Amino acid sequence: MGPASLALLRAAGKQYARQPTNVVLFVILPPLFVLALGAAMSTFSDVLGGNLTERTSTALAALWAAALLSGSASFFIVSASRRADERLVIAGMQRGAVEVAHAAAATIMASAAGTTGFAIVVMTTDIASPIHLLAAVVVGATAYAAVGVALAFVIRGDLEGSFVIILVFMFDAFIAGPLGGADGFWPNLFPLHHPSELVVDAALNADVSAARYLWSAGYTLLLIGVAAAAHKRRLA
Amino acid sequence: MIALELSLVLARQYLRNALLVSLLIIVPTVFISTSYYTTRATDIEIIVTMAGGRRPIDVWMPDLHGAIMVPIVTAFLAGIAGLFVMLDASRADGRLAIAGVSPRTLAATRVLLISSISAGVAFLAAGVTMIHSRPEDIAVFTFANVLVGLSDGFIGALAFLAAGRLGGAYLMLFVPMIDIGIFQDPMMISGEPPAWMKWWPGFGGTRLAIDAAFTGRGDDWAALAAAVLWAAALTMVALETFTRRAGLR
Numbered sequence: 001m002g003p004a005s006l007a008l009l010r011a012a013g014k015q016y017a018r019q020p021t022n023v024v025l026f027v028i029l030p031p032l033f034v035l036a037l038g039a040a041m042s043t044f045s046d047v048l049g050g051n052l053t054e055r056t057s058t059a060l061a062a063l064w065a066a067a068l069l070s071g072s073a074s075f076f077i078v079s080a081s082r083r084a085d086e087r088l089v090i091a092g093m094q095r096g097a098v099e100v101a102h103a104a105a106a107t108i109m110a111s112a113a114g115t116t117g118f119a120i121v122v123m124t125t126d127i128a129s130p131i132h133l134l135a136a137v138v139v140g141a142t143a144y145a146a147v148g149v150a151l152a153f154v155i156r157g158d159l160e161g162s163f164v165i166i167l168v169f170m171f172d173a174f175i176a177g178p179l180g181g182a183d184g185f186w187p188n189l190f191p192l193h194h195p196s197e198l199v200v201d202a203a204l205n206a207d208v209s210a211a212r213y214l215w216s217a218g219y220t221l222l223l224i225g226v227a228a229a230a231h232k233r234r235l236a
Numbered sequence: 001m002i003a004l005e006l007s008l009v010l011a012r013q014y015l016r017n018a019l020l021v022s023l024l025i026i027v028p029t030v031f032i033s034t035s036y037y038t039t040r041a042t043d044i045e046i047i048v049t050m051a052g053g054r055r056p057i058d059v060w061m062p063d064l065h066g067a068i069m070v071p072i073v074t075a076f077l078a079g080i081a082g083l084f085v086m087l088d089a090s091r092a093d094g095r096l097a098i099a100g101v102s103p104r105t106l107a108a109t110r111v112l113l114i115s116s117i118s119a120g121v122a123f124l125a126a127g128v129t130m131i132h133s134r135p136e137d138i139a140v141f142t143f144a145n146v147l148v149g150l151s152d153g154f155i156g157a158l159a160f161l162a163a164g165r166l167g168g169a170y171l172m173l174f175v176p177m178i179d180i181g182i183f184q185d186p187m188m189i190s191g192e193p194p195a196w197m198k199w200w201p202g203f204g205g206t207r208l209a210i211d212a213a214f215t216g217r218g219d220d221w222a223a224l225a226a227a228v229l230w231a232a233a234l235t236m237v238a239l240e241t242f243t244r245r246a247g248l249r
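Here the protein sequences come in this chain order: Z and P. The opening position of the first sequence corresponds to residue 1 in this note's numbering, with each subsequent residue numbered one higher. The opening position of the second sequence corresponds to residue 1 in this note's numbering, with each subsequent residue numbered one higher.
Rather than coming from a laboratory, the hints here were simulated on the basis of the structure. What you are looking at is a predicted structure, and each value in this text was computed from that prediction instead of being measured. For every residue, glycine included, the Cβ atom is placed at its ideal position computed from N, Cα and C. Be aware that a few hints might be false.
Incomplete in silico selection of chain P near chain Z, CB under 8 Å [to be verified]:
id: 1; residue: ASN17
id: 2; residue: LEU87
id: 3; residue: GLY164
id: 4; residue: LEU166
id: 5; residue: ILE182
id: 6; residue: MET188
id: 7; residue: ILE189
For lysine to any residue, the following SDA-like pairs were computed, each having C-alpha atoms within a straight-line distance of at most 20 Å [to be verified]:
id: 8; chain 1: Z; residue 1: LYS232; chain 2: Z; residue 2: GLU86
id: 9; chain 1: Z; residue 1: LYS14; chain 2: P; residue 2: ALA163
id: 10; chain 1: P; residue 1: LYS198; chain 2: Z; residue 2: GLU86
id: 11; chain 1: Z; residue 1: LYS232; chain 2: Z; residue 2: ALA104
id: 12; chain 1: Z; residue 1: LYS232; chain 2: Z; residue 2: LEU221
id: 13; chain 1: P; residue 1: LYS198; chain 2: Z; residue 2: LEU32
id: 14; chain 1: P; residue 1: LYS198; chain 2: P; residue 2: MET188
id: 15; chain 1: Z; residue 1: LYS14; chain 2: Z; residue 2: ALA104
id: 16; chain 1: Z; residue 1: LYS14; chain 2: P; residue 2: ARG165
id: 17; chain 1: Z; residue 1: LYS232; chain 2: Z; residue 2: ASP85
id: 18; chain 1: P; residue 1: LYS198; chain 2: Z; residue 2: ALA36
id: 19; chain 1: Z; residue 1: LYS14; chain 2: P; residue 2: GLY164
Make a model of the complete structure from these sequences and hints.
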């Protein structure tokens with residue numbers, strides 16, 4: 001990362017930190033969500049036809065919280081900085097530097113959101129493979145951060161963007177994941193499907209499928225590519 | 001009168017946004033229909049208010065899921081809409097104040113607009129569930145969901161004023177899910193929920209809606225009182241906060 005991207009990233013971080021409410025909510029919402037949802041979700045899984053225990057439910061809640069937070073944060077931050085980005089490019093900053101700064105910011109948000117949710121799960125639940133759990137949560141959060149960034153360049157309004165994030169997330173969480181006991185090929189098309197399965201495997205046993213990691217990483221890279229292409233098109 | 005005219009003009013601005021209108025129709029339709037068809041086809045026991053007491057009854061699980069998705073979707077959409085109506089207000093109301101519109105009128109306009117969107121979303125969501133299963137008392141079921149929508153619409157608006165655009169969005173993505181999607185959902189919390197869950201804004205409206213859907217009698221007066229009190233209190237707080245804010249410009 002070059003000095004221009006680093007300066008831009010530092011400025012974005014300062015801007016975010018200047019609104020302490022955002023930071024506080026970012027830190028306390030995942031644990032609250034994990035604790036509230038963990039106990040109830042195993043009952044709900046039985047309703048939908050899935051088969052989850054309280055342990056896997058808590059781990060899934062961490063993934064969901066991280067995905068929702070990083071997706072919405074990326075969408076709102078990138079959507080708010082569109083004009084500033086255009087001005088920076090007009091003023092002579094390399095387009096690539098702006099893109100690298102946004103990619104780094106989204107990755108940091110995804111890692112931070114994933115880590116807070118992961119920490120509360122590890123503190124409250126006996127997880128078979130914490131390392132795999134952390135990796136799956138961060139991959140899922142990164143995929144949603146890429147979705148948020150891509151949406152910010154396609155959809156203009158905050159209200160419409162929020163509705164799309166809610167729509168994609170609810171489908172992903174309740175229908176395409178282990179909660180709904182989804183099978184067949186179509187669940188593969190949702191970004192959280194394989195990270196969710198990885199989370200379930202990591203919670204119950206350390207035997208995690210390498211193919212799921214490959215699919216999750218490939219899908220996340222594809223989403224990052226889509227977000228980068230949308231960014232490039234916007235700044236062109 | 002000016003408030004009504006202004007809110008009509010502002011509502012027209014939202015109605016001109018084809019993507020927004022499409023999403024307002026697509027989101028409830030997709031959520032409620034999908035939840036109906038993906039739920040296991042079997043009975044589930046829930047507790048409802050009947051003959052003056054709380055009694056267990058067996059209901060068809062897809063019908064219950066379709067019914068509970070109405071307040072969940074209403075709360076999500078009304079909350080997010082309330083948040084961004086206030087965001088737009090923060091940009092436009094300064095100019096309207098300079099143009100001579102009084103703070104009380106500006107506040108009343110925003111309250112009317114948020115109330116209309118919340119009620120509209122509740123009617124739409126209740127209408128979608130009727131495609132799949134007919135609640136026994138449609139009028140009380142819809143009314144209960146309007147109360148949920150009003151409460152969450154004003155929570156969204158106040159969340160923007162308290163936490164800003166991003167913080168407010170975080171709150172409105174999680175609060176409806178925790179309140180109505182977990183604490184008030186009879187599929188999540190089996191039996192009678194603990195007392196502290198009944199203090200949440202979604203409690204009264206959701207309980208009234210479930211009773212109306214499956215017993216045909218929305219006669220849980222405590223739930224009705226809780227829902228009306230939350231909706232009225234949040235409307236008054238929003239009106240007062242909006243007025244003060246508009247007066248400070």
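Status of each hint after checking the structure:
1. Interface restraint check for P/ASN17: the shortest CB-CB distance to chain Z comes to about 7 Å, inside 8 Å, so the restraint holds.
2. Interface restraint check for P/LEU87: the shortest CB-CB distance to chain Z comes to about 7 Å, inside 8 Å, so the restraint holds.
3. About 6 Å separates the beta-carbon of P/GLY164 from the nearest beta-carbon of chain Z, less than 8 Å, and the hint is met.
4. A least Cβ separation of about 5 Å between P/LEU166 and chain Z falls short of the 8 Å threshold, and the interface hint therefore holds.
5. Proximity of P/ILE182 to chain Z holds as hinted, the smallest CB-CB distance being about 5 Å (cut-off 8 Å).
6. The interface hint given for P/MET188 holds, since its Cβ lies 4 Å from the closest Cβ of chain Z, which is under the 8 Å cut-off.
7. Using the Cβ-Cβ criterion of 8 Å, the hint placing P/ILE189 at the interface with chain Z is satisfied: the shortest such distance is roughly 6 Å.
8. For the hint pairing Z/LYS232 with Z/GLU86, the CA-to-CA distance comes to about 11 Å; that is within 20 Å, so the pair holds.
9. Of the pairs offered as hints, the one joining Z/LYS14 and P/ALA163 holds, with about 17 Å between alpha carbons and a cut-off of 20 Å not exceeded.
10. For the proposed pair P/LYS198 and Z/GLU86, the alpha carbon gap of about 49 Å is over 20 Å, so the pair is violated.
11. Our distance criterion of 20 Å between C-alpha atoms is met by Z/LYS232 and Z/ALA104, whose separation comes to about 16 Å.
12. For a cut-off of 20 Å, the pair hint linking Z/LYS232 to Z/LEU221 stands: about 16 Å separates their Cα positions.
13. Distance check on the hinted pair: P/LYS198 and Z/LEU32 sit about 18 Å apart at the alpha-carbon level, within 20 Å; holds.
14. With a C-alpha separation of about 15 Å, the suggested pair P/LYS198 and P/MET188 falls inside the 20 Å cut-off, and the hint holds.
15. Restraint check: the Cα-Cα separation between Z/LYS14 and Z/ALA104 comes to about 15 Å, which is no more than 20 Å; the hinted pair holds.
16. Simply put, Z/LYS14 and P/ARG165 have alpha-carbon atoms about 17 Å apart, close enough for the 20 Å limit, and the pair holds.
17. With a C-alpha separation of about 11 Å, the suggested pairing of Z/LYS232 with Z/ASP85 holds against the 20 Å cut-off.
18. Between P/LYS198 and Z/ALA36 the alpha-carbon distance is near 15 Å, which keeps this suggested pair within the 20 Å criterion.
19. For the suggested pair Z/LYS14 and P/GLY164, the alpha carbons sit about 16 Å apart, so the restraint of at most 20 Å is met.
Hint 10 from the list above is the single one not met by this structure.
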